[in-house]
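J.: Position chain B against the provided structure of chain A, taking the given hints into account.
There are 2 protein chains.
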Amino acid sequence: MSLKLTILGCGSATPTLDRNPTAQVLQVLERFFLIDCGEGTQLQLRKNKIRPRHFDHIFISHLHGDHYLGLFGLLSSLHLYSRNKPMHVFCPPKLKEIIELQLKASDTRLTYELHFHELEDKDERLILETNEALVFSFPMNHRIPCWGFKFVEKPRPKSMRGEKINEYNIPFSKIDEIRNGSDFTDENGKIISNEELTLPAKETRTYAFCSDTIYDESIIPFVKNVDLLYHESTFAHELIDKATNRYHTTALQAAMFAKKAEAKKLIIGHYSSRYGDITPLLNEARSVFENTIAASDNLVIEIS
Amino acid sequence: MSLKLTILGCGSATPTLDRNPTAQVLQVLERFFLIDCGEGTQLQLRKNKIRPRHFDHIFISHLHGDHYLGLFGLLSSLHLYSRNKPMHVFCPPKLKEIIELQLKASDTRLTYELHFHELEDKDERLILETNEALVFSFPMNHRIPCWGFKFVEKPRPKSMRGEKINEYNIPFSKIDEIRNGSDFTDENGKIISNEELTLPAKETRTYAFCSDTIYDESIIPFVKNVDLLYHESTFAHELIDKATNRYHTTALQAAMFAKKAEAKKLIIGHYSSRYGDITPLLNEARSVFENTIAASDNLVIEIS
Chain A
18 MSLKLTILGC GSATPTLDRN PTAQVLQVLE RFFLIDCGEG TQLQLRKNKI
68 RPRHFDHIFI SHLHGDHYLG LFGLLSSLHL YSRNKPMHVF CPPKLKEIIE
118 LQLKASDTRL TYELHFHELE DKDERLILET NEALVFSFPM NHRIPCWGFK
168 FVEKPRPKSM RGEKINEYNI PFSKIDEIRN GSDFTDENGK IISNEELTLP
218 AKETRTYAFC SDTIYDESII PFVKNVDLLY HESTFAHELI DKATNRYHTT
268 ALQAAMFAKK AEAKKLIIGH YSSRYGDITP LLNEARSVFE NTIAASDNLV
318 IEIS
Chain B
18 MSLKLTILGC GSATPTLDRN PTAQVLQVLE RFFLIDCGEG TQLQLRKNKI
68 RPRHFDHIFI SHLHGDHYLG LFGLLSSLHL YSRNKPMHVF CPPKLKEIIE
118 LQLKASDTRL TYELHFHELE DKDERLILET NEALVFSFPM NHRIPCWGFK
168 FVEKPRPKSM RGEKINEYNI PFSKIDEIRN GSDFTDENGK IISNEELTLP
218 AKETRTYAFC SDTIYDESII PFVKNVDLLY HESTFAHELI DKATNRYHTT
268 ALQAAMFAKK AEAKKLIIGH YSSRYGDITP LLNEARSVFE NTIAASDNLV
318 IEIS
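Protein chains in written order, with this note's numbering: chain A, 18 to 321; chain B, 18 to 321.
One chain only, chain A, in its complex shape (with noise of 0.2 Å):
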């Protein structure tokens, strides 16, 4: 079993020819995961060949507006396709009344369900279960209050050890409960372990987002040991204090952040404006935490 995320803008405030602002696809199995949406994220999805009505869950980070200024044509898009399905967005508490005042001004009523979930806690929290997958939501240290993401995979059940069928003449309705852990008794009371009939089931992966933020190991705890790690990179080493003060982290920092969160990948990406060439972020980054890769708009990692 794999994740794919596919990332549809890495850059930061304001957009560049080669650099949309924030947003991400994350792919767990049939399901779909929109995470930030900034201003293009439409054309971006029609680019990557990802349909909108894939989606039924949008993250959204934080309000600035090169994380969510996308939304709001993508769900007019949605309603221009008449959806019916209903569609969940988990997010800072404001974008309800911004996204609501917007259908006011343009005398919309959808021909779906939009449902508001406001971020809140000060605290790692379980805000989405899918059959896919657990979707936590925790706090970042930026300007104004934002949240990052992650996302773990569901434990997928064993397989079965085909021969065993045979053998313990084990009836087709007891499969799916041995694939889920059970022992099984066959007709002379004997029990078969559940570890002799099945293949260990494949390990799950996680993929944590940090939005924007400033430095903060308190942030550690929540990502602890995730299979890929996003952390925002805005700024090299050198501008630490610029970093600072506007609550961003460098390529540096991030990589400080992997290691100490013991990631066993980095992907760094909401790249100043200023960067033309991001080869020296990465390399300091590297310098720290080696596998680290950066981000670019239209790249795509598995995580297998």
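Just so you know, not all the hints are guaranteed correct.
Same chains, same names: a pair is fine if it fits in one copy or spans any two.
The calculated lysine-lysine pairs, modelled on DSSO-like cross-linking and capped at a C-alpha distance of 30 Å, are [stated by the list, open to error]:
id	residue 1	residue 2
1	K259	K102
2	K111	K121
3	K171	K282
4	K64	K259
5	K64	K282
6	K259	K66
7	K121	K259
Just so you know, the hints here were simulated from the structure itself, not pulled from any lab data.
T.: Using the frame of chain A, we list chain B on its own:
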């Protein structure tokens, strides 16, 4: 003298990879006007090498997302660039509330003054006078309140006939008066007519932007005889029922409108995303109004 129109977006509600939502830039001398500001306008400005800081005046026709969703991002970027000149936005009343709510949600106090001028009248109204042009608003007929804009180049001073300055010994201090239409009285009290002293001023040009609207001949008086008329043409005429239901216009109707308005030239746009190739819409319009051109993203039209 010329007006220069740059099409930043010629699409309609659902953007495509070839067509951004509505936005245009009209340049009159050194003055830049931004007309509508759909999602992605910032990037389109960048592609067309037009700097956002050139603008002091933005005109928003109505509050369907494809006409204004790029505005907050643009205003935010100007703030990040530390703009200090005031910005004037001419728009439907509710936009002020939307932008102010977004500013509040992002805890942003702009580095510049932002003035909203509400469009309210049901008749033609002079909404702006600069050194270069007069701008009028007038009502369209759409599902929600919507306005069009007419830009009228101001008369330019006449040119002096150089040889007359010596012939009549005209002092430098009198030149401006004469260029603006005065006769000249020489030292002997003889009156020299303005016609003898000057060449006629070049004709002034007009551009009218007819945003989303159903076909409505009551709008014609507001745009009578303009040099260039933009009129939405969302559908081909075979979809006249759909156009009418949605308060939009067909290409054929746009051409009829231009013909009755005695416009010099028509530009059609705001095409439904169902049309890949818009040649049929262009041909349909030209069958009624020969001097029609089709908008496309990044097209530049000079009215000289």
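J.: All hints, please: hold or fail.
T.: Hint check results:
Taking the shortest Cα distances, K259 and K102 sit within 30 Å of each other only across copies (25 Å), while inside one copy they are farther apart (44 Å). For the identical chains of this complex, K111 and K121 are neighbours both inside a copy (16 Å) and across copies (9 Å), given an alpha-carbon limit of 30 Å. Taking the closest pair of Cα atoms, K171 and K282 come within 30 Å of each other only inside a single copy of the chain (20 Å); across copies the shortest separation is 62 Å, beyond that limit. Taking the shortest alpha-carbon separations for K64 and K259, only the inter-copy value of 29 Å comes in at or below 30 Å, while the best intra-copy value is 34 Å.
Taking the closest pair of Cα atoms, K64 and K282 come within 30 Å of each other only inside a single copy of the chain (26 Å); across copies the shortest separation is 35 Å, beyond that limit. In this homomeric assembly, K259 and K66 come within 30 Å of each other (Cα to Cα) only across copies, at 28 Å, whereas the closest approach inside a single copy is 37 Å. In this assembly of identical chains, the alpha carbons of K121 and K259 lie at most 30 Å apart only when taken from different copies (23 Å versus 39 Å within one copy).
Of the numbered hints listed earlier, not one is contradicted by the structure.
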